[in-house]
Amino acid sequence: MAKRKKLIRRPLTSVLIKPAGPDCNMACTYCFYLEKHKLFPLPKSKPHRMSPEILETTVKQVMTQGKKEISFGWQGGEPTLMGLDFFHQAVHWQQKYGQNQIVGNGLQTNGLLLNQQWAKFLREYNFLVGLSLDGPPHIHDRYRRLKGGQKSGAKVVDRAKLLLDEGVETNALVVVNDYSSQFPEEIYEFLNSLGLTYQQYIPCIEPDNSIPKRPRSFSVTPEAYGQFLIRLFDKWIADFKQGQPTTSIRYFESLFFTYVGLEPPECTLLKECGVYVVIEHNGNVYSCDFFVDHEWKLGNVTTSKIVDMLNSARQRKFGQRKADLPPECRSCRWLRHCRGGCPKERGFLPHPEKSYFCQAYSQFLSHADPIFKKLAQEWKAKTGSMT
25 MAKRKKLIRR
35 PLTSVLIKPA
45 GPDCNMACTY
55 CFYLEKHKLF
65 PLPKSKPHRM
75 SPEILETTVK
85 QVMTQGKKEI
95 SFGWQGGEPT
105 LMGLDFFHQA
115 VHWQQKYGQN
125 QIVGNGLQTN
135 GLLLNQQWAK
145 FLREYNFLVG
155 LSLDGPPHIH
165 DRYRRLKGGQ
175 KSGAKVVDRA
185 KLLLDEGVET
195 NALVVVNDYS
205 SQFPEEIYEF
215 LNSLGLTYQQ
225 YIPCIEPDNS
235 IPKRPRSFSV
245 TPEAYGQFLI
255 RLFDKWIADF
265 KQGQPTTSIR
275 YFESLFFTYV
285 GLEPPECTLL
295 KECGVYVVIE
305 HNGNVYSCDF
315 FVDHEWKLGN
325 VTTSKIVDML
335 NSARQRKFGQ
345 RKADLPPECR
355 SCRWLRHCRG
365 GCPKERGFLP
375 HPEKSYFCQA
385 YSQFLSHADP
395 IFKKLAQEWK
405 AKTGSMT
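So the sequence shown is residues 25 to 411, counted in my numbering.
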């Protein structure tokens, strides 16, 4: 009788926490999380807010169950709606329940509520800030508007300057949509001119609920996204100095890991998902930021251990879905560099069984592959690695 394969218990190293749930002070057209209000119904006058008890329970669990290096990601909605005192308390619990771990905190924000006091706090406690900024005003303001329809771009640029002047480590989070995909060089140069040399680009794909398996009109097409990546990559490579990038672009650097045989930091490039969990304002735990729904609810921090939910049968099932690819993908020359993309990208015509951006990845990798191979050879020669 064949032995059953022993499951390796996954360590708790990272959590995403949404302390204000889906609440936000903006109304971005392409936002997928605002509709989560339906999942957590409350009277209109009552906001979604994490209680002090849930915060302490969550942080205590992570610090006592986690490994030597722990990452807290604070997201939303808009997490700064919680106020600065909430984050002072979060850091206090991290320090109280910590066991000599290295703790990293990341704050993903639209930036509108940030001020000098916030900036000093973020710098003092070494928060990494992910600032949502799609590019110069004509690009950013296309879809990132306030609830009254007012533009937000100029304010976000001011907040970026505030953070950088205060010495806060800040990354730009850029959503690539149908409009912004036309301007990769302009976006790249604009962000660099502000001093935002750490950049993350996220392709926009959202379903049109009125037309099954079709994307919303603001979604970027595979053809446009492929060209965007090629043009951005060429700009990035052209700025190299002495064989090293002058700007950090997360997707390109994660891809480089796949060329030198290392595990990439970006989860979309892993064989399986499920390496972290998402904790909502009420303590509910879910499989992934993009799959906060009833099907992928794992439990609640008040009744279950986070590390056990991370290693639950449901979470393993969720993670293994990523590797469930059609034969065409399994035999593709680019599989080891794309791993089928993010499961969020599946379910769209004409090939719902694979990533909507399959053509984009193939188009881009065909262009960039020789350069990545050259960079990998240089890295291996420099490091003496035989990986």
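Each hint should be verified, as a subset may be incorrect.
[Unchecked claim] Cβ pair distances, simulated, as ranges:
{"hint": "1", "residue 1": "K404", "residue 2": "Q140", "range": "42 to 48 angstroms"}
{"hint": "2", "residue 1": "G285", "residue 2": "H116", "range": "40 to 46 angstroms"}
{"hint": "3", "residue 1": "K406", "residue 2": "G107", "range": "31 to 37 angstroms"}
{"hint": "4", "residue 1": "F264", "residue 2": "E377", "range": "34 to 40 angstroms"}
{"hint": "5", "residue 1": "S217", "residue 2": "H391", "range": "25 to 31 angstroms"}
{"hint": "6", "residue 1": "P236", "residue 2": "S69", "range": "34 to 40 angstroms"}
{"hint": "7", "residue 1": "F281", "residue 2": "K175", "range": "33 to 39 angstroms"}
{"hint": "8", "residue 1": "Q174", "residue 2": "H391", "range": "38 to 44 angstroms"}
{"hint": "9", "residue 1": "E247", "residue 2": "G107", "range": "24 to 30 angstroms"}
{"hint": "10", "residue 1": "D189", "residue 2": "D258", "range": "41 to 47 angstroms"}
Don't read these hints as lab results, they were simulated from the structure. Just so it is clear, CB atoms sit at the ideal spot from N, CA and C, and this is done for glycine as well.
Here's how the hints hold up against the structure:
Checking the proposed 42 to 48 angstroms range against K404 and Q140 shows it holds: the Cβ atoms sit about 46 angstroms from each other. Between G285 and H116 the beta carbon distance is about 41 angstroms. The supplied range of 40 to 46 angstroms therefore holds. The hinted range of 31 to 37 angstroms is not satisfied by K406 and G107, whose Cβ atoms lie roughly 47 angstroms apart. For F264 and E377, the hinted distance range of 34 to 40 angstroms is satisfied, since their beta carbons lie about 38 angstroms from each other.
Here the CB-CB span from S217 to H391 is close to 26 angstroms, well matched to the stated 25 to 31 angstroms. Checked against the given bound of 34 to 40 angstroms, the beta carbons of P236 and S69, roughly 35 angstroms apart, stay inside it. With their beta carbons about 38 angstroms apart, F281 and K175 fall inside the hinted range of 33 to 39 angstroms. Range check, Q174 to H391: about 39 angstroms between beta-carbon atoms, so the 38 to 44 angstroms window is met.
In this structure, E247 and G107 break the distance hint of 24 to 30 angstroms, their C-beta atoms being roughly 44 angstroms apart. Taking 41 to 47 angstroms as the suggested C-beta distance range, the pair D189 and D258 does not conform, at roughly 31 angstroms.
Violated hints, in rising order: 3, 9, 10; the structure is consistent with all others.
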